[in-house]
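With chain A's structure known, arrange chain B on it following the hints.
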Amino acid sequence: MRSDGAPFEIVCPAGTPAAFRTAVDAGAHSVYCGFSDETNARNFPGLNFSRAEMCEGIAYAHANDAKVLIAINTFPRAGNLELWHRAVDDAARMRADAVILADIGLLAYAAERHPQLRIHLSVQAAAAHARSIDFYVEEFGVRRVVLPRVLSIPEITQINAAVACETEVFVFGGLCVMAEGRCSLSSYATGKSPNMHGVCSPASHVTYREEDGELTSRLGEFTINRVGRGAPVAYPTLCKGRFKTALGCGHIFEEPASLDARHLLPQLNDAGVTALKIEGRQRSRAYTGMVVRAFRAAVDAMARGDPMPEELLVGLTEGQQATSGAYLKTWR
Amino acid sequence: MAARLTLGPLLFNWSADRYRDFYYRIADEAPVDRVCIGEVICSKRQPFLQECIVSVAERLERGGKQVVLSSLALPTLEREIRHDWELAGSGRIIEVNDASLIAALKGRTFHVGPFLNVYNEATVEYLARRGARLVALPPELPTSSILGIAGARGDVEIEVWAFGRIPLAISARCYHARAHKLSKDSCQFVCGNDLDGLAVETLDDRGFLAINGVQTLSYTYANLIREVADLADKGVGSFRLSPHTCDMVAVAQTFSSVLRGNLDCDEAMVRLEELRIGAPFSNGFLRGSAGADYA
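Each protein sequence line maps, in turn, to chains A and B. With the first letter of the first sequence counted as 1, position 294 gets the number 294 in my numbering; the numbers rise by one all the way through. With the first letter of the second sequence counted as 1, position 268 gets the number 600 in my numbering; the numbers rise by one all the way through.
Just chain A, with the same shape it has in the complex (with noise of 0.2 Å):
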């Protein structure tokens, strides 16, 4: 329970300084978003913040009670840390309220040179217990864990009544399949990764090509899908792609489907979360503007302790399937 008597903070994502601020307009708690280079996991072209627009951003949502929590998420490359250290210390002297790190090294730089900033660890990080989380607690000071999406609801009760710091659960977007941090799927195919460049099945790989009335989607030299013509034709992200095994053909890892826990949000709360992460830095600002009033209403509802709008989101997944993912143990 937060001071202000919500049960939740409600993080949301900003890829752009229009995002930011609808954002923060919309009801957000607190904005996450990255600096624009491969410091942060959705480095995408066109995405993400100059310094300068990180200032003015950390200004607007402490004039609105906001808090800004920057993304340096990748795993910095050898040899050349500086870029990773520059962030960190970046965030620090613009008085960000947290920075969200995975990397062990770069941990251990924030700790000991910024004592007084507060760290989350990313999801990159891919810690799945208390043991892991109590590592990073212990070693470096971590406030609050940002859990993978790989845990069911009694997991992550366990996890809260086990550990000294906050959960941040996902709740709305994207959903890895695969423990994050932990998947090179996408180098494996295209030699960019969510580790080292903040990229995952990128844009600059995906080439369309129609042939004998079907549309083949690649990514690198891997067809990840081939559909008829006139159906819908989902982003090639190589693990919602269909592939071939000796048992049969079909989604072998997961559907094109999207999270969507909304229906979940009173047993996170039971199971004592802190806060919601809702995915999508790289969405628009519509898009953005329309989860977030959705959420706060859903949140602020629970508070009141009135029922979920039942109106919450309709139209957000229309046309595409939707998932709880991990947090029912069907899913595995």
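Wrong hints could be hidden among the right ones.
Claimed, not checked - Simulated crosslink set (DSSO-like; lysine-lysine; CA at most 30 Å straight-line): (1) B/Lys-566 <-> B/Lys-376; (2) B/Lys-376 <-> B/Lys-513; (3) B/Lys-438 <-> B/Lys-376; (4) A/Lys-244 <-> B/Lys-516; (5) A/Lys-329 <-> B/Lys-516; (6) A/Lys-329 <-> B/Lys-513; (7) B/Lys-376 <-> A/Lys-244; (8) B/Lys-376 <-> A/Lys-329; (9) A/Lys-329 <-> A/Lys-244; (10) B/Lys-513 <-> A/Lys-244.
Unchecked claim - Just so you have them, the derived chain A footprint on chain B, three or more residues with Cβ under 8 Å: (11) 360-374; (12) 378-391; (13) 396-408; (14) 512-526; (15) 530-538; (16) 596-603; (17) 613-624.
Said to hold, decoys possible - Just some of the chain A residues that point at chain B, by a computed CB distance under 8 Å: (18) Tyr-109; (19) Thr-190; (20) Met-196; (21) Tyr-208.
What the hints contain is simulated information worked out from the structure, not anything from laboratory work. Ideal Cβ placement from N, Cα and C applies to all residues, glycine included.
Here is chain B on its own, set in the frame of chain A:
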């Protein structure tokens, strides 16, 4: 001194008989310095190995190998943590594959496995302060990163993934069970059907990945036979060979001969091709290109 060879932990679900026979032969015949044993991927498989793992460890030690106990790559359950912490109490060298185990090794030396994210010299420095003496790097690192780390840390042995299907991802979901339309809880251990993993092909029949329970590997086999000598000259201390059903003694002999300067790379490549593993080789990660590539 020539670089060392490590036989990594078996990643697949083999029967206890096959497991024992495999390691007894390694103990007697394979020119490797170290052998990592223990279940890394799925704790449900662990009970099957309990009966033979002690005799395997003792046999390997009698064969002159250093035995290293590998921990789980993604422990999430209490019993999994308990299992890993019991390993830590065994007195043997532990290969840490998850941060949850580091606290259990306070005041002791240990090895770091390829499932713990180590991408730079600062992380190695931190782990060395905590007692790490060997760090097996994640297979996706390019040569520039490998050499940057190896050059900065003379006191920690740096190991590189040199042969075998490459671990690419791990999940809570079991893809073997899913492919067989089973739930993870009643999986019937179908992963045991595929001794080198279940091949995953693209819709146009190109080998792409391999499924091993909750783990996803490459379809290709990493093969750095042409690169190991140069990497060793530049400070890489050890190379990892990952167990498969192909003749791993021959694989170890080939790498050992190249590292000792007794075999040239072309001849070594011919010997590895003669193993007929049924999938292409790859070395793309080293060059920072697609990991599936070979050049």
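Now for the hints, and whether the structure bears them out:
1. B/Lys-566 <-> B/Lys-376: The hint is violated at about 41 Å.
2. B/Lys-376 <-> B/Lys-513: holds (18 Å)
3. B/Lys-438 <-> B/Lys-376: Answer holds: B/Lys-438 to B/Lys-376 is near 28 Å, not above 30 Å.
4. A/Lys-244 <-> B/Lys-516: holds (20 Å)
5. A/Lys-329 <-> B/Lys-516: holds (9 Å)
6. A/Lys-329 <-> B/Lys-513: Measuring from Cα to Cα gives roughly 15 Å; hence the hint holds.
7. B/Lys-376 <-> A/Lys-244: holds (26 Å)
8. B/Lys-376 <-> A/Lys-329: Holds: B/Lys-376 and A/Lys-329 sit about 16 Å apart, inside 30 Å.
9. A/Lys-329 <-> A/Lys-244: Holds, because 25 Å separates the two Cα atoms, which is no more than 30 Å.
10. B/Lys-513 <-> A/Lys-244: holds (14 Å)
11. 360-374: violated (count 0)
12. 378-391: Per the Cβ count (0), the hint is violated.
13. 396-408: holds (count 4)
14. 512-526: It holds: at least three residues are needed, and the segment 512-526 of chain B offers 4 whose Cβ sits within less than 8 Å of chain A.
15. 530-538: holds (count 9)
16. 596-603: Three-residue rule not met by the segment 596-603 of chain B, so violated; n is 0.
17. 613-624: holds (count 7)
18. Tyr-109: Holds, because the Cβ-Cβ distance from A/Tyr-109 to chain B comes to roughly 7 Å (cut-off 8 Å).
19. Thr-190: holds (6 Å)
20. Met-196: Nearest chain B Cβ about 7 Å off; hint holds.
21. Tyr-208: violated (14 Å)
In summary, the numbered hints that this structure violates are 1, 11, 12, 16 and 21.
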